[in-house]
Amino acid sequence: MSYGNLETLYRQVIMDHYKNPRNKGLIGDETYYKVHLKNPTCGDDLTVQIKVVDNIITDVFHDGTGCSISMSAASVMSETIKGQKLEDAKKILKNYLQMVKGEAFDEELFMGDAIVYQGVANFPARFKCATIAWKALDKAIFIHDEEDNS
Amino acid sequence: MDVQKIRQDFYLFKNDNIVYLDNAASTLKPKAVIDALNYYYERLGVNVHRGVYKLSYEATDMYEQARAKVAELLNCQFEEVVFTRGTSSALNLVASSYGMANIEAGDEIITSELEHHSSLLPWQQVAKVKNAKLVFVPLDEDLRITVENFKKVLTDKTKVVALNYISNAMGYITPIKEIIKIAHEKKIVVVVDAAQAVPHMPVDVKELDCDFLAFSGHKMCGPTGIGVLYGKYNLLQKMEPIEFGGDMIDYVGLNESTYKDAPYKFETGTPIIASAIGLKAAIEYLQRIGFNFIIEKETELRKYLVEKMQELDGVTIFNPHTDTGIVAFNIDGVHPHDAASVFDEENVAIRAGHHCAQPLMHCLKQVATIRASLYFYNTKKDIDRLIIAIKKAKGFFDNFI
Ligand SMILES: Cc1ncc(COP(=O)(O)O)c(C=O)c1O
Chain Y
0 MSYGNLETLY
10 RQVIMDHYKN
20 PRNKGLIGDE
30 TYYKVHLKNP
40 TCGDDLTVQI
50 KVVDNIITDV
60 FHDGTGCSIS
70 MSAASVMSET
80 IKGQKLEDAK
90 KILKNYLQMV
100 KGEAFDEELF
110 MGDAIVYQGV
120 ANFPARFKCA
130 TIAWKALDKA
140 IFIHDEEDNS
Chain C
0 MDVQKIRQDF
10 YLFKNDNIVY
20 LDNAASTLKP
30 KAVIDALNYY
40 YERLGVNVHR
50 GVYKLSYEAT
60 DMYEQARAKV
70 AELLNCQFEE
80 VVFTRGTSSA
90 LNLVASSYGM
100 ANIEAGDEII
110 TSELEHHSSL
120 LPWQQVAKVK
130 NAKLVFVPLD
140 EDLRITVENF
150 KKVLTDKTKV
160 VALNYISNAM
170 GYITPIKEII
180 KIAHEKKIVV
190 VVDAAQAVPH
200 MPVDVKELDC
210 DFLAFSGHKM
220 CGPTGIGVLY
230 GKYNLLQKME
240 PIEFGGDMID
250 YVGLNESTYK
260 DAPYKFETGT
270 PIIASAIGLK
280 AAIEYLQRIG
290 FNFIIEKETE
300 LRKYLVEKMQ
310 ELDGVTIFNP
320 HTDTGIVAFN
330 IDGVHPHDAA
340 SVFDEENVAI
350 RAGHHCAQPL
360 MHCLKQVATI
370 RASLYFYNTK
380 KDIDRLIIAI
390 KKAKGFFDNF
400 I
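These protein sequences, in sequence, are chains Y and C.
When we follow numbering that gives the first Met the number 0, the leftmost residue of the first sequence carries the number 0, and every step to the right adds one.
When we follow numbering that gives the first Met the number 0, the leftmost residue of the second sequence carries the number 0, and every step to the right adds one.
Extracted from the complex, chain C is given alone in its bound form:
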């Protein structure tokens, strides 16, 4: 597979000299996805599940085909795919519905300091309301989650485990399959934040045996505003909706109503039709590229990036042993936001900040970090330009001292 050819699918690469290294925040969108969105808006543009006319039928069909595509990607049943606004909404749905109904005073919820705020805060809220306790897996010296350390915090009071599959700040892969196996021995429910995993590697929910798993379309070449909650069907069926209104109902009376089965009871109102259709196009696009190629490319680029950065003086890498294309660093003596302004002058788009992981910043003893995150469409030339930008930032600020 030729990366130069792949890059032709992206407007910005064809028309701008940009180095895009903020893929963990969001990826760029290929033409195939934009075409799918346009198809819906131009040729259909109507609501789903409602009209008894051809256009509505086709829109409904495309929306449900998107669900089927996700089910194929994750290796789950069609009815186990709930469309949400993104990972955050999906994780909130689990906490607000499953969490609020099943967590009691004194129960323990295991999570970690490595979580994205979206994985931590919904459970923080449940714990607060229910008088339950949040328990944090102690991170090892590299700040990884390990099976050993997970076992240390597991107790008879543990009811839910909410962990990331890949950390968006450190790029580590959590040994989630083993953790799930151990948790299930105690009948504990495991919620997986897979926002950084699904875009970058094959994720098989049957093989993992996770109870819930969430991801976002926009981090995998898809549109914004669409994400997925996978849930085991028997769990989803037992859960109460958290939003009520049109579409999700079965029979509506004045004082009582009944709801549709999962997943529809969680999708009230006009759904995210266009973005679901766009997500299907994104999945098909990634399948054409192939996860083997994606992993191979990211591994090669990550090695090159870490190697080049280690050659630089005065640059601290916080995760030299990262498992993925996420590399966190700082330039000694230069605040990340000051560095970011130099990167911006060099047309290198890269994230400086706390990456929605403030607890982890405390662990790193940093107010913020700079994060380079790769995707299959990046090149060694992108990395060379990042290295030049780092050198310029260093030189620029050294000059003032």
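Just chain Y, same shape as in the assembly:
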């Protein structure tokens, strides 16, 4: 049996981010927007912190426990999103979700290492793992926007 699909899922990039996560660890700074998410069915537990200055995400941290897909995705998300304008981050987020669902997505849009999660589309059971960090980001941005509007 060929492991082509699995190989694609667990690309070197993913395992690299799993073994050597970037921006891992939280910061005790109240000016960061902080979101804690759990996936009770598999035990993934993740906290994401973002700092927003003038509508730019200037800093991202994450910490938690989980499988290689969820933990690496948090690292990749933090790298991809750091320094992005909020509106661009939202576009990347939307594009990423479409991509891992196997829907049509914008292949031209900057995605950083996040592009390697295309393989998840063949493993619907892993969709939640690949998206938990991005859903946390989505919530953090939402909290920011709510505050901004009020």
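Don't read these hints as lab results, they were simulated from the structure.
There could be a bad hint or two in this list.
[As the list claims (entries may be wrong)] Here are the simulated DSS-like pairs of lysine-lysine, each with C-alpha atoms no more than 25 Å apart in a straight line:
{"no.": "1", "chain 1": "Y", "residue 1": "Lys-23", "chain 2": "C", "residue 2": "Lys-364"}
{"no.": "2", "chain 1": "Y", "residue 1": "Lys-127", "chain 2": "C", "residue 2": "Lys-391"}
{"no.": "3", "chain 1": "C", "residue 1": "Lys-390", "chain 2": "Y", "residue 2": "Lys-18"}
{"no.": "4", "chain 1": "Y", "residue 1": "Lys-37", "chain 2": "C", "residue 2": "Lys-364"}
{"no.": "5", "chain 1": "Y", "residue 1": "Lys-18", "chain 2": "C", "residue 2": "Lys-391"}
{"no.": "6", "chain 1": "C", "residue 1": "Lys-379", "chain 2": "C", "residue 2": "Lys-30"}
[To be verified] For the chain C half of the interface with chain Y, some residues (derived, Cβ under 8 Å), not all of them:
{"no.": "7", "residue": "His-334"}
{"no.": "8", "residue": "His-336"}
{"no.": "9", "residue": "Asp-337"}
{"no.": "10", "residue": "Ser-340"}
{"no.": "11", "residue": "Val-341"}
{"no.": "12", "residue": "Glu-344"}
{"no.": "13", "residue": "Gly-352"}
{"no.": "14", "residue": "His-353"}
{"no.": "15", "residue": "Val-366"}
{"no.": "16", "residue": "Ala-367"}
{"no.": "17", "residue": "Phe-395"}
[Stated by the list, open to error] If you want the ones that stay clear, here's a sample from chain Y, every Cβ over 12 Å from chain C, calculated:
{"no.": "18", "residue": "Glu-29"}
{"no.": "19", "residue": "Thr-46"}
{"no.": "20", "residue": "Thr-57"}
{"no.": "21", "residue": "Asp-62"}
{"no.": "22", "residue": "Leu-85"}
{"no.": "23", "residue": "Glu-107"}
{"no.": "24", "residue": "Asp-144"}
Ideal placement from N, C-alpha and C gives every residue a C-beta, glycine not left out.
Given chain Y, put chain C with the ligand in place with the hints provided.
Just chain C with the ligand now, with coordinates in the frame of chain Y:
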């Protein structure tokens, strides 16, 4: 009895190359059960207890025959069998009705960290509402419930004991008969979660003398959506229904109504007719196979599985002394969900997760485990393919490091 012949009763074994090792979650359904469901839907399809025509009479008869079959299986009276949606509903019924009426502030409810969430959470809720206290039997070094440790937490305040008969996460058999005997000396009511017991061994409620016992049809070759609450008749009669409406009534007035006797007062609305009929077929199927054969087969396979796994490097078995066909393990350095994706590629269906037993995962200091659970239709070849899958998962992830 020839397993290859038994396997012909299951569509998936005839038509797919699947290795099915998630029997603790749900078992596969044999043709005899599907035929029984089809018989009802095709030939009858009508409601029970209501119509005064032949079809309704036959449907009612089949539904009640299913109750009689369960009573025969458990060695109890016909009226002591309440049909529910499953183990969870049955255990909730006991807690919501018996528990809410009898537990008072300061009372103690004994349970364990080995429970399925369905056995723990209904009593957690009762304790919260009633200001009662949940007390946990300390587990021994293997994480078993022992009679000795049970005695340690038993007090004059204990009102209810809610424990599993077989742990779905560790496969241990609880010494429930001795526990019940000790509890009854203090007039304490014992609720047994037998979801993993009834499918795998003879369970005699008269011999156990338990007050309540629950199980699910889908874990014993039966349909989903049907389960059983056994309750001692005098207890059931004293309990209030928790759902009200059609069928369960005796006389209905505008402000007051009276209810039927047990078990009917607990079965409001159109009952789970088809699945009850399917459950009867499942019990008959298991009786034809025979519990002796089931136990023999599972014991042989479990020994083979544990032995083969112990030969592997880098695999931790959490319950090498399991009493049943449930084996919990992890591959060192590989998250259970990552391993599960490799198993899936190998067409090995197996559970990775917390198995609805989060407190136990804390005891094991694991976020999740992989669980292989056997049934009589499994083979040594299934186990060999699981072992190959474990090796592949190990090799696959080692490659990336
Ligand atoms: C020990 C135990 N108790 C309770 C349950 C709940 O059963 P059900 O989901 O059929 O209600 C299960 C199975 O999931 C179980 O293994």
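Each hint tested on the structure:
no.	hint	result
1	Lys-23/Y - Lys-364/C	holds (22 Å)
2	Lys-127/Y - Lys-391/C	holds (24 Å)
3	Lys-390/C - Lys-18/Y	holds (21 Å)
4	Lys-37/Y - Lys-364/C	holds (17 Å)
5	Lys-18/Y - Lys-391/C	holds (20 Å)
6	Lys-379/C - Lys-30/C	holds (23 Å)
7	His-334	holds (4 Å)
8	His-336	holds (4 Å)
9	Asp-337	holds (5 Å)
10	Ser-340	holds (6 Å)
11	Val-341	holds (7 Å)
12	Glu-344	holds (6 Å)
13	Gly-352	holds (6 Å)
14	His-353	holds (6 Å)
15	Val-366	holds (3 Å)
16	Ala-367	holds (5 Å)
17	Phe-395	holds (7 Å)
18	Glu-29	holds (29 Å)
19	Thr-46	holds (15 Å)
20	Thr-57	holds (31 Å)
21	Asp-62	holds (15 Å)
22	Leu-85	holds (32 Å)
23	Glu-107	holds (30 Å)
24	Asp-144	holds (32 Å)
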